[in-house]
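Sequences and hints are given; from them, build the entire structure.
Below, each chain spelled out in residue letters.
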Amino acid sequence: MGKEVILRQARGMQLLAVASAAVLLLGVSACGGGDDDSGTGDGKTKVKVGLAFDIGGRGDKSFNDAAAAGLDKAKQELDVEVKDLAANATESENDKYERLKLLCTSGYNPVIAVGFVYAGADPATGPVAKAAKECPDTKFAIIDSVVPGSNVASLVFAEEQGSFLVGAAAALKTTSGTVGFVGGCDTPLIKKFEAGFKAGAAAAKAGTKVLAQYISTPADKCSGFNDPAKGQTVAEGMYDQGADIVYQAAGGSGSGVFKAAKAKGKLAIGVDSDQYNTADAAVKDVIITSMLKRVDVAVYDFVKSVSNNTFAAGTLTFDLKKEGVGYSTSGGKVDDIKPKLDEYKQQIIDGKVTVPTAPTS
Amino acid sequence: MTADAILSSQPAGPAGGPGHDAPPKKRRLRLPIVLLMIAGGLVALSLVRVLTGADDLTSSGATRAALQAAVPIGLAGLGGLWSERAGVVNIGLEGMMIFGTWFGAWGAYNWGPWVGLVAALLGGALGGLLHAVATVTFGVDHIVSGVAITILASGTCRYLSQLAFEGTEGGGVNQSPTVPELPRISVPGVDGLETLEKRGWFLISDLAGVLRGLFTEVSVLTVIAVLLVPLTFYILWRTPFGLRLRSVGEHPEAAETLGVNVYRYKYYGVVVSGALAGLGGAFLSMVAASIYREGQVNGRGYIGLAAMIFGNWRPGGLATGSLLFGYIDAVQLRRGAESVHALLLLIAALLVLVGAWQLYRRKYIVGGLAVAFGVLSAVTYFATDRVPVPFVQFAPHVTTLVVLALAAQRLRPPAADGVPYRRGS
Chain V
1 MGKEVILRQA
11 RGMQLLAVAS
21 AAVLLLGVSA
31 CGGGDDDSGT
41 GDGKTKVKVG
51 LAFDIGGRGD
61 KSFNDAAAAG
71 LDKAKQELDV
81 EVKDLAANAT
91 ESENDKYERL
101 KLLCTSGYNP
111 VIAVGFVYAG
121 ADPATGPVAK
131 AAKECPDTKF
141 AIIDSVVPGS
151 NVASLVFAEE
161 QGSFLVGAAA
171 ALKTTSGTVG
181 FVGGCDTPLI
191 KKFEAGFKAG
201 AAAAKAGTKV
211 LAQYISTPAD
221 KCSGFNDPAK
231 GQTVAEGMYD
241 QGADIVYQAA
251 GGSGSGVFKA
261 AKAKGKLAIG
271 VDSDQYNTAD
281 AAVKDVIITS
291 MLKRVDVAVY
301 DFVKSVSNNT
311 FAAGTLTFDL
321 KKEGVGYSTS
331 GGKVDDIKPK
341 LDEYKQQIID
351 GKVTVPTAPT
361 S
Chain F
1 MTADAILSSQ
11 PAGPAGGPGH
21 DAPPKKRRLR
31 LPIVLLMIAG
41 GLVALSLVRV
51 LTGADDLTSS
61 GATRAALQAA
71 VPIGLAGLGG
81 LWSERAGVVN
91 IGLEGMMIFG
101 TWFGAWGAYN
111 WGPWVGLVAA
121 LLGGALGGLL
131 HAVATVTFGV
141 DHIVSGVAIT
151 ILASGTCRYL
161 SQLAFEGTEG
171 GGVNQSPTVP
181 ELPRISVPGV
191 DGLETLEKRG
201 WFLISDLAGV
211 LRGLFTEVSV
221 LTVIAVLLVP
231 LTFYILWRTP
241 FGLRLRSVGE
251 HPEAAETLGV
261 NVYRYKYYGV
271 VVSGALAGLG
281 GAFLSMVAAS
291 IYREGQVNGR
301 GYIGLAAMIF
311 GNWRPGGLAT
321 GSLLFGYIDA
331 VQLRRGAESV
341 HALLLLIAAL
351 LVLVGAWQLY
361 RRKYIVGGLA
371 VAFGVLSAVT
381 YFATDRVPVP
391 FVQFAPHVTT
401 LVVLALAAQR
411 LRPPAADGVP
421 YRRGS
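So the sequence lines, in the order shown, correspond to chains V and F. With our numbering, the residue at position 318 of the first sequence is 318, and numbering never jumps. With our numbering, the residue at position 360 of the second sequence is 360, and numbering never jumps.
Careful: at least some of the hints might be erroneous.
Calculated pairs, DSBU-like style, for lysine-lysine (alpha carbon to alpha carbon, straight line, at most 35 Å) [said to hold, decoys possible]:
no. : chain 1 : residue 1 : chain 2 : residue 2
1   : F       : 198       : V       : 284
2   : V       : 284       : V       : 266
3   : V       : 173       : F       : 363
4   : V       : 262       : F       : 198
5   : V       : 46        : V       : 321
6   : V       : 340       : V       : 284
7   : F       : 363       : V       : 333
8   : V       : 46        : V       : 173
9   : V       : 352       : V       : 75
10  : V       : 173       : V       : 48
11  : V       : 333       : V       : 266
12  : V       : 338       : V       : 352
13  : V       : 209       : V       : 322
14  : V       : 304       : V       : 264
15  : V       : 266       : V       : 75
16  : F       : 363       : V       : 205
17  : V       : 266       : F       : 198
18  : V       : 333       : V       : 205
19  : V       : 209       : F       : 198
20  : V       : 352       : V       : 321
21  : V       : 264       : F       : 363
Hints in this document: simulated from the structure, not taken from any laboratory.
Here's what the structure looks like:
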């Protein structure tokens with residue numbers, strides 16, 4: 001190799017170094033976009049809430065935005081300081097632990113971890129458990145997972161109860177007698193949705209056929225939550241098999257389900273938030289109802305409990321009774337069966353109906 | 001290989017035929033044979049459908065979904081072909097597709113779908129240019145650069161989304177608003193085959209289903225993608241430009257001595273590669289989904305690379321590979337447990353046939369293994385009612401492994417693929 005070539009390579013390295021430095025800088029400035037309202041300095045010791053988002057962060061129009069809404073409400077009404085941090089799609093469990101640790105060591109208390117990913121592969125030693133052990137005076141909350149610890153509150157939802165109601169709605173609304181369920185990932189959490197949906201459909205009209213299909217498994221990192229093309233393929237398959245209403249619990253793949261429903265002239269049911277209001281205007285008329293999962297309620301209630309000094313460790317289930325789950329009526333497509341649905345709701349609240357949390361077949 | 005060898009196996013000028021870089025005694029796949037194989041495949045599928053009652057195997061819906069799943073894989077594969085034929089391994093296809101999804105959605109959202117298409121081409125080409133600068137000009141290891149580009153692409157697109165999509169209706173840091181679709185076209189009359197498809201007749205209904213799936217409601221981008229396959233073949237194997245580009249991938253020193261500007265041709269190959277991958281990304285965000293969503297490429301760039309290897313670094317082969325992968329993915333997503341279970345029977349029959357042929361040719365190990373797996377597959381079919389879900393979801397990956405394992409001995413990559421080239425060294 002000649003001298004000139006070596007020189008040229010050295011110059012190349014310099015260029016690359018400068019370029020990568022620039023990229024790093026960009027990345028850092030992009031990551032630093034969280035809310036930071038420290039230093040209001042009115043003398044009173046305010047509650048400082050730290051919140052760590054799941055992948056997607058603020059602006060995901062779904063799960064994280066619901067958590068952000070609860071946090072913003074708490075900030076307004078409870079006069080607390082807040083700080084939120086976003087997660088990266090490719091980060092490790094250790095990164096999640098570091099994020100929680102950073103929040104608690106910089107004086108944030110309580111610290112809220114949004115999403116089951118913060119529980120880690122083993123909840124007893126995962127990011128939240130580890131951080132809670134190392135910051136024993138900080139109160140932690142984790143959403144969608146149960147983590148042991150005397151300073152950890154596990155905020156979980158009775159998704160099966162909300163799914164029961166939309167399952168009943170689907171069975172009452174179907175004309176073909178076949179409905180479908182699309183899950184983003186084959187995990188116990190999403191199975192709760194399927195179980196409730198099936199139970200609700202069977203209760204409302206015996207003999208209703210429920211097709212169920214999952215887009216991905218944990219083995220491929222639950223990619224099915226972010227693949228609208230596959231969501232559409234699965235839903236089309238169900239409509240082709242005679243289903244006329246498909247319920248999706250597939251996160252970002254859900255838009256594909258709505259698109260399939262629109263193209264086939266069929267109906268769909270949304271999830272987590274009132275998707276009639278958040279989905280694109282072109283497809284909103286296919287959404288008859290949505291299963292609501294009030295992550296905002298959970299976050300707000302938790303912050304409130306801490307600021308009132310009524311924090312309690314352990315598992316707190318947000319169910320129909322606490323209005324942690326429910327169904328939406330925007331669009332008016334389930335108005336005619338609302339009395340029937342509310343009857344089921346009351347029966348579940350009263351304990352007359354118990355909804356399974358794992359699908360039977 | 002010496003300069004003489006490259007000349008003898010690749011005659012200068014546009015006469016370099018499709019079979020010339022394969023060992024000479026192998027039979028070439030001519031059009032009638034290919035058509036015969038397609039017909040045979042359809043008959044086999046039809047038989048399996050009638051025997052097992054898995055109606056979705058040849059339905060128009062499954063065919064359409066298979067085509068839709070195959071196009072992004074195929075475009076990524078074509079991208080890989082252009083790059084690797086010029087001697088640059090492009091594992092950054094995934095990242096270039098990510099650029100394509102974002103720029104496609106961004107262009108389409110702001111200025112309409114056709115601008116989106118051009119934006120995706122340019123976005124992907126930009127990724128390709130970066131790869132070319134790193135690997136060709138600076139001699140960075142091809143794998144390192146490719147992986148870096150994929151990481152860079154997902155980060156960059158997230159940042160750009162923050163700037164462009166946050167605050168728009170339905171958009172946010174990880175997704176775009178809904179974007180307008182490219183027009184879809186149908187061949188008139190084909191949709192009338194629906195009644196025929198519904199009958200369930202052997203072969204006739206299957207043919208009707210497949211034709212309806214292929215010729216109705218097809219996006220123009222699908223048509224463009226399909227046309228790009230013969231176009232790539234024509235450019236790379238029938239023009240002086242293509243010959244030079246391939247010679248750079250086979251033996252750059254020899255090409256240089258013949259006056260080919262190796263660096264420039266590598267640049268051409270890698271930039272076109274990025275543009276094609278970008279087009280594949282645009283298909284995902286503008287046709288398959290009409291929305292950009294973070295993570296939606298979901299490994300299709302890598303599967304495209306596998307399809308290209310499956311296709312022995314040739315356009316026809318990679319198109320076949322993409323269709324195969326797309327088909328398996330489509331049927332497993334639509335009616336997985338039932339359709340994949342039925343396919344077990346087909347796989348069993350194929351493996352036993354291949355095994356018997358290999359045994360006849362006295363290749364006892366390969367033949368014995370194939371027959372054993374065939375019998376195992378048949379036993380599984382008869383012993384179970386449905387395939388367990390995890391297996392169903394791995395069906396595309398298992399197919400890739402099996403096919404690559406069986407085909408690996410016949411594969412021949414470009415000789416200087418992945419070897420950094422420094423002029424004058």
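Do the hints match the structure? See the list:
no. : hint          : in the structure
1   : F:198 - V:284 : holds, 31 Å
2   : V:284 - V:266 : holds, 12 Å
3   : V:173 - F:363 : violated, 61 Å
4   : V:262 - F:198 : holds, 23 Å
5   : V:46 - V:321  : holds, 31 Å
6   : V:340 - V:284 : holds, 24 Å
7   : F:363 - V:333 : violated, 66 Å
8   : V:46 - V:173  : violated, 50 Å
9   : V:352 - V:75  : violated, 38 Å
10  : V:173 - V:48  : violated, 47 Å
11  : V:333 - V:266 : holds, 13 Å
12  : V:338 - V:352 : holds, 19 Å
13  : V:209 - V:322 : holds, 31 Å
14  : V:304 - V:264 : violated, 46 Å
15  : V:266 - V:75  : violated, 41 Å
16  : F:363 - V:205 : violated, 60 Å
17  : V:266 - F:198 : holds, 20 Å
18  : V:333 - V:205 : holds, 18 Å
19  : V:209 - F:198 : holds, 21 Å
20  : V:352 - V:321 : holds, 13 Å
21  : V:264 - F:363 : violated, 51 Å
Of the hints listed earlier, those the structure fails to meet are numbers 3, 7, 8, 9, 10, 14, 15, 16, 21, in rising order.
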